[in-house]
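J.: Listed in order, the protein sequences are those of chains A and B. Be aware that the first sequence starts at 1, since it is given in the working numbering, and climbs by one per residue. Be aware that the second sequence starts at 1, since it is given in the working numbering, and climbs by one per residue.
Just so you know, these hints were derived from the structure itself, not from any lab. Watch out, some of these pointers could steer you wrong.
List of simulated lysine-lysine pairs, DSBU-like, C-alpha gap at most 30 Å [stated by the list, open to error]:
#1 B:Lys32 <-> B:Lys76
#2 A:Lys163 <-> A:Lys18
#3 A:Lys334 <-> A:Lys349
#4 B:Lys212 <-> B:Lys167
#5 B:Lys291 <-> A:Lys18
#6 A:Lys104 <-> B:Lys76
#7 A:Lys18 <-> B:Lys212
#8 A:Lys104 <-> B:Lys32
#9 B:Lys32 <-> B:Lys167
#10 B:Lys167 <-> B:Lys76
#11 B:Lys76 <-> B:Lys291
#12 A:Lys18 <-> B:Lys32
#13 A:Lys349 <-> A:Lys163
To give an idea of the chain A side of the interface with chain B (calculated C-beta under 10 Å), a few residues [said to hold, decoys possible]:
#14 Thr108
#15 Ile112
#16 Leu241
#17 Trp345
Derived list of chain A stretches under chain B, where covered just means 3 residues or more per stretch with a C-beta under 8 Å from a C-beta of chain B [unchecked claim]:
#18 51-57
#19 268-277
#20 346-354
From the three backbone atoms N, C-alpha and C, an ideal C-beta is built for every residue, glycine too.
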Amino acid sequence: MTEIAPDHVFQAWHFDGKSAVRRPVDIQAIGNDFYLTETERRHGPFAFADMTYVGEQNGAHVYGHDEIDGWRLGLRGEIPGELSGLLPPPRRYGGWIDRLGLGKASITFAVISAAVVAVVLFTPQWLAPLVPSSWEREMGDALVGDFGGRFCSTEDGSAALAKMTHALDDNPEDLQVEVANIDMVNAVALPGGKVIIFQGLIDNARSPDEIAGVLAHEIGHVRERHVMQALLRQFGLSIVLGGADGTGGSLLNGALSSSYSRDAEREADDFSIRAMRNANISPAATAGFFRRLSRLDGSDQPDQNAARITGYMSTHPLSGERQRAFENSLEEGKQYAPSLTAAEWQSLKTMCENDPDVESGFGPFD
Amino acid sequence: MDDYSSRSESAPPPAKPPSAFQFHGNWQDFAKIAFPNLLLTIVTLGIYRFWATTREREYLWSQTEFIDERLEWTGKGIELFIGFLLVFFLILMPFAVINFISQGLIFQGQEALAGLIVFLLLFAIFYLTGVAYFRALRYRLSRTYWRGIRGGSDNPGFFYGVSYIWKSLAGWLPIFLLVPWSSISLWNERWNRMSFGPHMFTSNAEWTDLMKRYLLFYLVPFLIFVGIFAIIGYLGATGALQPDGGELDPGAGALLGVFAIVVFVGFYILIPIAALMYYSKFFRVAVGGLKLHKLEFDFTARSADWILFFLANMAIILCTLGIGYIFMPYRNWTFFVRHMEAFGEINLDELTQSETTRAGHGEGLLDAFDVGAI
Numbered sequence: 001m002t003e004i005a006p007d008h009v010f011q012a013w014h015f016d017g018k019s020a021v022r023r024p025v026d027i028q029a030i031g032n033d034f035y036l037t038e039t040e041r042r043h044g045p046f047a048f049a050d051m052t053y054v055g056e057q058n059g060a061h062v063y064g065h066d067e068i069d070g071w072r073l074g075l076r077g078e079i080p081g082e083l084s085g086l087l088p089p090p091r092r093y094g095g096w097i098d099r100l101g102l103g104k105a106s107i108t109f110a111v112i113s114a115a116v117v118a119v120v121l122f123t124p125q126w127l128a129p130l131v132p133s134s135w136e137r138e139m140g141d142a143l144v145g146d147f148g149g150r151f152c153s154t155e156d157g158s159a160a161l162a163k164m165t166h167a168l169d170d171n172p173e174d175l176q177v178e179v180a181n182i183d184m185v186n187a188v189a190l191p192g193g194k195v196i197i198f199q200g201l202i203d204n205a206r207s208p209d210e211i212a213g214v215l216a217h218e219i220g221h222v223r224e225r226h227v228m229q230a231l232l233r234q235f236g237l238s239i240v241l242g243g244a245d246g247t248g249g250s251l252l253n254g255a256l257s258s259s260y261s262r263d264a265e266r267e268a269d270d271f272s273i274r275a276m277r278n279a280n281i282s283p284a285a286t287a288g289f290f291r292r293l294s295r296l297d298g299s300d301q302p303d304q305n306a307a308r309i310t311g312y313m314s315t316h317p318l319s320g321e322r323q324r325a326f327e328n329s330l331e332e333g334k335q336y337a338p339s340l341t342a343a344e345w346q347s348l349k350t351m352c353e354n355d356p357d358v359e360s361g362f363g364p365f366d
Numbered sequence: 001m002d003d004y005s006s007r008s009e010s011a012p013p014p015a016k017p018p019s020a021f022q023f024h025g026n027w028q029d030f031a032k033i034a035f036p037n038l039l040l041t042i043v044t045l046g047i048y049r050f051w052a053t054t055r056e057r058e059y060l061w062s063q064t065e066f067i068d069e070r071l072e073w074t075g076k077g078i079e080l081f082i083g084f085l086l087v088f089f090l091i092l093m094p095f096a097v098i099n100f101i102s103q104g105l106i107f108q109g110q111e112a113l114a115g116l117i118v119f120l121l122l123f124a125i126f127y128l129t130g131v132a133y134f135r136a137l138r139y140r141l142s143r144t145y146w147r148g149i150r151g152g153s154d155n156p157g158f159f160y161g162v163s164y165i166w167k168s169l170a171g172w173l174p175i176f177l178l179v180p181w182s183s184i185s186l187w188n189e190r191w192n193r194m195s196f197g198p199h200m201f202t203s204n205a206e207w208t209d210l211m212k213r214y215l216l217f218y219l220v221p222f223l224i225f226v227g228i229f230a231i232i233g234y235l236g237a238t239g240a241l242q243p244d245g246g247e248l249d250p251g252a253g254a255l256l257g258v259f260a261i262v263v264f265v266g267f268y269i270l271i272p273i274a275a276l277m278y279y280s281k282f283f284r285v286a287v288g289g290l291k292l293h294k295l296e297f298d299f300t301a302r303s304a305d306w307i308l309f310f311l312a313n314m315a316i317i318l319c320t321l322g323i324g325y326i327f328m329p330y331r332n333w334t335f336f337v338r339h340m341e342a343f344g345e346i347n348l349d350e351l352t353q354s355e356t357t358r359a360g361h362g363e364g365l366l367d368a369f370d371v372g373a374i
């Protein structure tokens, strides 16, 4: 520590934090302390260690005191060498960034951010299977319950649905497949192994094999733990990008999660193709279903059905690739069996009609 | 005596002082802060924006001179960040969970219960918005220093949140006709709880001064609709709208063009102008009613200033493909300072330190609800 002779004084201005009077003062440094002297008054002693850098103001460096609210000391121009070692250094960005420099700090932050996003994007794949099934089931029950009584059930129809599910999956016990009496062409997989097929999809289907393809696809989501993964990923992204405000964050969020949902769709399709091969169900009908969907591309909606079908497209982005995958899995000359008999198909199709105590529609939105 | 008016030797008041508020900064210096801020905000996925805001305010405040001394912003990025975290974990997350539950309830057919929950949720947000307005003003005053003295308030603003609800509702209830009353009354209530140094602010703005402008703003949409219906009526009467497959009468074609112009001018030009005219009057009335001890304030921006201000902002943002957005804090602050005036006198000996508490967190709520206030 430089020893400063007591007679070494520097001119400055001072606010004592008690009143708004500006005081022209001399700084009189003695060791690690200093006094501020006016013509008839002496303030202090103050410790250099209590000084904080406040900022630059009109060409002056301004310092504050840790303990005294509003205490200010202003020094115009360059800080004299004797004082600069004792006073805190000027601050630009603050803390870490000043220490690293803007360039290095930016790169460091960018690397950390990329790592955090990578963790949020990739770990759900490993974390999702660790979530106990019982938790997931409870969550699904809390979310869906009995769907407001909209699940259809008749003896024959439920049996047909169960037959289809058993054909497509080895452990159908932990699945809950339901048909909901809602006029939407869609199907969803929800937490806890719940698969819901909407009545609109069944009305629109030309054969039970189409339903089998879509059902196997949703079972694929369940078996690959996509639902939990998506929940975890969405949760993580919304926390990580919570700092970003408004549109930037949500655009990034949407882009990142949708790229994952495309991968998930492909995996579910692969599962569906395998399941249908094992069950000896022809994939041709499902390919045909995709072909019908892909013909409706928003601009060209010839009938009312089209508008409802776009519901499926919004959650299951379509591509010719998906249709071809199902077409290519068709084995020439193989004897496929229909997934349901004509009678079973009929009872599945009319299950909602014939269920006397089912609710219809979609609550307040219908 | 430290009375400012008597301190002529240190700061001689000119014959006609331009304004008690002077801004000494320039946009080039601001750019040196704003561009690194943008970079750091991007690489930190937005987290840096609290520190970015703080650095910008430090610059803007330090370049603003009130009478003879610069203002000083002493807020910290961490305070805004903590405010944000508080909002995120105490408000946004629970709200997201409640929202999730209420969606589950809709699925399960409990629409009434779900509706009630959503209603309570919105009501809570409404209340917290009021509290947020209050606390943001309190935070800003408590971090603003002039001559080592700061402002603040000891009121936590929870009661103000209640006033915010009932006064807003009372303003909307008579077909929105009492909105000027509710906004001026809330402005007065907010400022009357604030102080600077030892002095309380007093705010006595009169809402009745606003009514003429408000009615103008209120009537413009009706006048536009009347115009639209007059043209439709005329077209209907002349049969131009009959789908008889015949050629459109050229006169009616011209009228359709006029119709389109009326709609466009009405919605995109007249309504915004009427809104700005009201806003401009609101600020003049509201700031004009504000006093601090022997100081009176005035805001001099007139409608034309506001319109030019917004047009210039839009031009800056459009011509820079959006990058100019980072200069908006600079534009807003300089517009505000350029038009602020203060009259009267300050006794510097009497202007002693504020005794109010300094809340340790920033404007998180206001930030979260995406509202701004002076």
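J.: Against each hint, give a clear statement of whether it holds in the structure.
T.: Hints, one by one, checked against the model:
| no. | hint | verdict |
| --- | --- | --- |
| 1 | B:Lys32 <-> B:Lys76 | holds (19 Å) |
| 2 | A:Lys163 <-> A:Lys18 | violated (85 Å) |
| 3 | A:Lys334 <-> A:Lys349 | holds (27 Å) |
| 4 | B:Lys212 <-> B:Lys167 | holds (20 Å) |
| 5 | B:Lys291 <-> A:Lys18 | holds (22 Å) |
| 6 | A:Lys104 <-> B:Lys76 | holds (23 Å) |
| 7 | A:Lys18 <-> B:Lys212 | violated (46 Å) |
| 8 | A:Lys104 <-> B:Lys32 | holds (17 Å) |
| 9 | B:Lys32 <-> B:Lys167 | violated (43 Å) |
| 10 | B:Lys167 <-> B:Lys76 | violated (33 Å) |
| 11 | B:Lys76 <-> B:Lys291 | holds (28 Å) |
| 12 | A:Lys18 <-> B:Lys32 | violated (35 Å) |
| 13 | A:Lys349 <-> A:Lys163 | holds (14 Å) |
| 14 | Thr108 | holds (8 Å) |
| 15 | Ile112 | holds (8 Å) |
| 16 | Leu241 | holds (6 Å) |
| 17 | Trp345 | violated (28 Å) |
| 18 | 51-57 | holds (count 4) |
| 19 | 268-277 | violated (count 0) |
| 20 | 346-354 | violated (count 0) |
In this structure, the hints that do not hold are numbers 2, 7, 9, 10, 12, 17, 19 and 20, in rising order.
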